[in-house]
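Undergrad: Below, each chain spelled out in residue letters.
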Amino acid sequence: MNEISPDLSRLERLEGIGCARKRREDPRFIQGRGTYVDDIHLPGMLFGVMVRSPYAHARIKSIDTSRAKAMPGVQAVLTAEDLKPLKLHWMPTLAGDVQAVLADGKVVFQNQEVAFVVADDRYVAADAAELVEVEYEELPAVVDPFKAMQPGAPVIREDLAGKDVGAHGARRHHNHIFNWQIGDRDRTDRAFDAAPVTVKQEMLYPRVHPCPLETCGCVASYDAVRGDLTVWITSQAPHVVRTVVGLLSSIPESKIRIVSPDIGGGFGNKVGVYPGYVTAIVASIVLGRPVKWIESRNENLTTTAFARDYWMTGELAADTDGRIKALRVNVIADHGAFDACADPTKWPAGMFHVCTGSYDIPNAHVSVDGVYTNKFPGGVSYRCSFRVTEAVYLIERMIDVLAQKLGIDKAEIRLRNFIPEEKFPYHSALGLDYDSGNYAPALRKVLKAVDYDGLRAEQAAKRADPNCPTLMGIGITTFTEIVGAGPSKSCDILGIGMFDSCEIRVHPDGSAIARMGTISQGQGHQTTYAQIIATEAGIPASLINVEEGDTSTAPYGLGTYGSRSTPVAGAAVARASHKIREKARKIAAHLLEVSPDDMEFDLDQFRVKGDPSRAKSMKEIAWAAYNNVPEGMEMGLEAVDYYDPPNFTFPFGSYLAVVDIQKDTGEIKVRRFYALDDCGTRINPMIIEGQIHGGLTEGFAVAFGQELPYDEQGNVLGGTLMDYFLPTSMETPHWETDFTVTPSPHHPIGAKGVAESPHVGSIPCFSNAVVDAFAHLGVTHTGMPHNAYRTWQQLRDLNIAG
Amino acid sequence: MAKKTAVSFRLNQTPVDVLVEPRELLIHTLREKLATTGPHIGCETSHCGACTVDLDGISVKACTVLTVQCEDLDVLTIEGFAKGGQLHALQEGFMQEHGLQCGFCTPGMITRAYRLLQEIPDPTEEDIRYWMSGNLCRCTGYQNIVKAIQYAAAKLRGEAVATSHPLMEEVTV
Amino acid sequence: MIPRPFAYHAPETIPAAIALLSDYGDLAKILAGGHSLLPMMKLRFAAPEHLIDLGRIKELRGIDMAGDEIRIGAMTTERDIVASSLLAEHLPLLVETARQIADPQVRSKGTIGGDVAHGDPGNDHPAVMLALGAHLVLVGPGGERIVPASEFFLGTYATAIEPDEVMTQIRIMRPPAGSGSCYAKLKRKTGDYATAAAAVVLRMENGRCAAVSIGLTNVAPTAIRAEAAEAALLGRALDDAAIAEAGRLASEGCEPAADLRGDEEYKRAMAGQMVQRALRTALSRCTG
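Chains as they are written, first to last, in our numbering: chain A, 1 to 802; chain B, 1 to 173; chain C, 1 to 288.
A hint or two may mislead.
The calculated lysine-lysine pairs, modelled on DSBU-like cross-linking and capped at a C-alpha distance of 30 Å, are [stated by the list, open to error]:
| no. | chain 1 | residue 1 | chain 2 | residue 2 |
| --- | --- | --- | --- | --- |
| 1 | C | K187 | A | K669 |
| 2 | A | K200 | A | K147 |
| 3 | A | K61 | A | K200 |
| 4 | B | K33 | B | K3 |
| 5 | A | K462 | A | K325 |
| 6 | C | K189 | A | K669 |
| 7 | A | K663 | A | K405 |
| 8 | A | K147 | A | K346 |
| 9 | A | K462 | C | K189 |
| 10 | C | K58 | B | K3 |
| 11 | C | K189 | A | K663 |
| 12 | A | K200 | A | K346 |
| 13 | A | K462 | A | K663 |
| 14 | C | K187 | A | K663 |
| 15 | B | K4 | C | K29 |
| 16 | A | K619 | A | K609 |
| 17 | A | K619 | A | K586 |
| 18 | A | K69 | B | K3 |
| 19 | A | K462 | C | K187 |
| 20 | B | K3 | C | K29 |
| 21 | B | K33 | C | K29 |
| 22 | A | K69 | B | K33 |
| 23 | A | K69 | B | K4 |
| 24 | C | K58 | B | K4 |
Everything labelled a hint here was simulated from the structure, so no lab data went into it.
Please take these sequences and the hints and turn them into a complete structure.
TA: If you want it as structure tokens, here you go:
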């Protein structure tokens, strides 16, 4: 090991793609020097809190703010009446609906925003909020989307009276939002009619919340003299926020600066624009002082953007060997009281149509109905691409249901149905073009690693032993994701194509600054983007400063969610790097007085082909870029790239879980979890592993504990961390990780994105393991979350509890 | 507004005086009056541990301590760890073992781990998982946090340490 | 999540604390570790005008032994209990219980007195106090009185403490040599209250149950004793059938309230399961 090749030491100095580079972000975080939004203190800053509705559905008879306003230290109390002259009492949602900023005459979900109190500090604001007197007349609430669609159901959205057509077509009921269909219904129905085997399963993906450790918040600061508005905001999409704020306020975007500072986790919670942001901005404009609004944990869990709440019915048609002939899916999607889903404009169910999964299914049809209920709005992608978790859950559960019906092993049925490697790029029955995949070797690698046959033998022995205190379950998922939204021909947000961007400037000393339209919330962009530039442009990563999140300096981009940073912005980074490299080639050729075509790129330099002793380092080239460029060339060394991807990327994985269920209490222990991920080219294996650990842990939380149930009156239950399950180090299982590499053919460096795969792939894996534990007793499905209580009820129903 | 009280304590070994309402929570005093924004607010119900500080040699959640209770006590926060530009072994361990992602839980996590290592210098994984269970992390899944604390423990015991993520492991020439 | 304003008092002696209680009556609340009271105040479910912090009264904190009696100051923290070698030797049940309460930081502040005096059926120490036959020392303007745990818990958040009294100490007779004990707690996650939990103190003689006491957490308006189960076990060998019957009898005596942890049926069943678990473990710990 003493003989290190010169190339390896130069590679080591570059810290490029493939290196387990330590994170550039860490020094500030480990020393308490991060700047999260609540860390921002501006001179004269005020603090705002929301007054919220205790009722899920009620008419507001009156609001009396006089006592609150009279309290010393209170600067303003805003209600819908105050926002009306500005036309800001309602705001558009990303899904083509509108949402009340402050309740306008009636409230439609518990904890809805009713008034905004602004005071000198958070203590006074909290006291004053108690003094706002609101008189309500309670109305019947409906929290069940099926009941909401019945003829006599309460009218939730009176503001939509007479609107028979919404943003996504016809509405057939006053609580109906849209019906969206994809696939060939007739062909699919015919395939079902002809198939010797069909299975059908209903499943609810319950309402959950991304619950990042930092709640949402902002500091709005309007400078009345300059006419400039600056908003620090916990946003995963600061540029889109700027456009939205511009549309709402009529302030030109050039006068608006949105800054996403350090973000304490997003997971989809921080994509949208929430009423608190609007009221803080209005209050700052009205008062001429900075206004901070930070939600409490309870507000976070019960008002800003749930995920899932999908009532899905899946059907598979197959031959007797288990080869799938058709998939049919019907979904009732509970969107809450306002349709504030964060999806590309044309896709009201997001990318749900990836629900054919990793399988070669010739016929498929999907129908999704969006429904209003008296619940808080959202429908965000909780650590996944748009509705992909729901889609993967559906197909990975359905294939297990089919396997059980036919008595085929759950690994074997997957191997029989995989899209074969030679069929890529693969056009799915629901219209998606899978870029690359190689599924069977991945699954076989996992089965071997865990000794699958041994596990099945152990399970059989335990099933045969009536005194065994536990039930053993083995869960498998072989999922395909769709990430990296997306091609502007099919994906836009508010009309803006879902490209992303990178701008690189190389300084005279050879160091560089790079800015992107994305924003890290823990993914380590400052580290990994620099690694891409290092490899693609030959500049050591340690000399590259990556900046994101400030709309006044960064190029426009659509932000970080749906695993789009690497597939989209990462591609822009690579392409901007290539532009730098190509200019550098010409400068190097000029310096060495040869033709650019005679130069070849070599890690961190250009050298003359056939004469490697003649070379110019990127450092030398950078210096020359500012004093000695070829005639006719502009000085400087910088590049910008706006990348509109030609397609999505399709990461995949094979996961296997082993669970043991206590028969006496229903407690479940995850004994083993083996996760193999294929995210294409691996930029930083350390960060990939960390992302996978985190995604698996969030998947574990969803599968085994997270839910936000409602009672019949529309009260949201479990909105604190006492009830809402965030696993601690004690509950969290040990994770084993593995990988294969199948690069994306259309991405400049072959990378696909990884952070969401473990969430998307693990949840059905856990459910499959739990169901598998009961499979020999005829159980085909049990609902999430698989907490001890629910699992014990299953045991009781089977007469095997305790 | 209620009458305010003068409270004096030592913050990271420096004497400080603050004037607070009796109801003021220590986390707010630290963050808003003393520019000590390392400890964070994640839940306000003493579940998440992001606000963890060391109070007279014990780990506490500063969202559930009144500032008036801190008279004459020693408060240690993440800001007190690095000395003379030198990172504490725990800070180094979290970086080397990738024990953080968004960083929001990290100050509380490190401050709690510091007290743990004072009490158990050579903890097993099981020890760490048990004694760190008052600190939530949404990003890492804890596995690398366990490694980070073990890295720091070894370093503090004077043993040789190395990252379990070698820089060039997956790089081929 | 901000408490309403209040005046803060930090007396340094017990008489001073009692004098403050006498002065302010219903307007005052006692602050022990604060991990039950402060969250309630932040939610504005509680809004005392005067908060009397017992944290500065040194004599309220500490663990020692007088003969066979273990005396624990009411302001002794859960952390102190977990770390106590005296308790580990003579009263391991208390250590095992405290280890399952909340999390390390909360145990740094939370006190045994606060846990007992709050009268919350979800707290863990009350059932243990019942199982151990503890006595609680209450001091008021008229002096000291000693109340057995069996007479202390009157209802949810209601105890035998008078408004002008302070709990100063908990006294527990060391279980006889050879006894085994266990606290078995089912919870959803770290930091949660028990779905159901059982405290068992057991002594065997010649293979038969010579003495047993069972306390149950969070399955009734207060912590309760499982008296029918205890009676059924006395004099019997603790075979599977006896343990199962004890679990069933304990279940029947519960009056749990449904919440997100489970419905009444589940909690009742889990009370029985925890009794069974605790009995088996306690039995394995009995010597002689």
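Undergrad: Please write out, lowest number first, the hints stated earlier that are contradicted by the structure.
TA: 3 and 5
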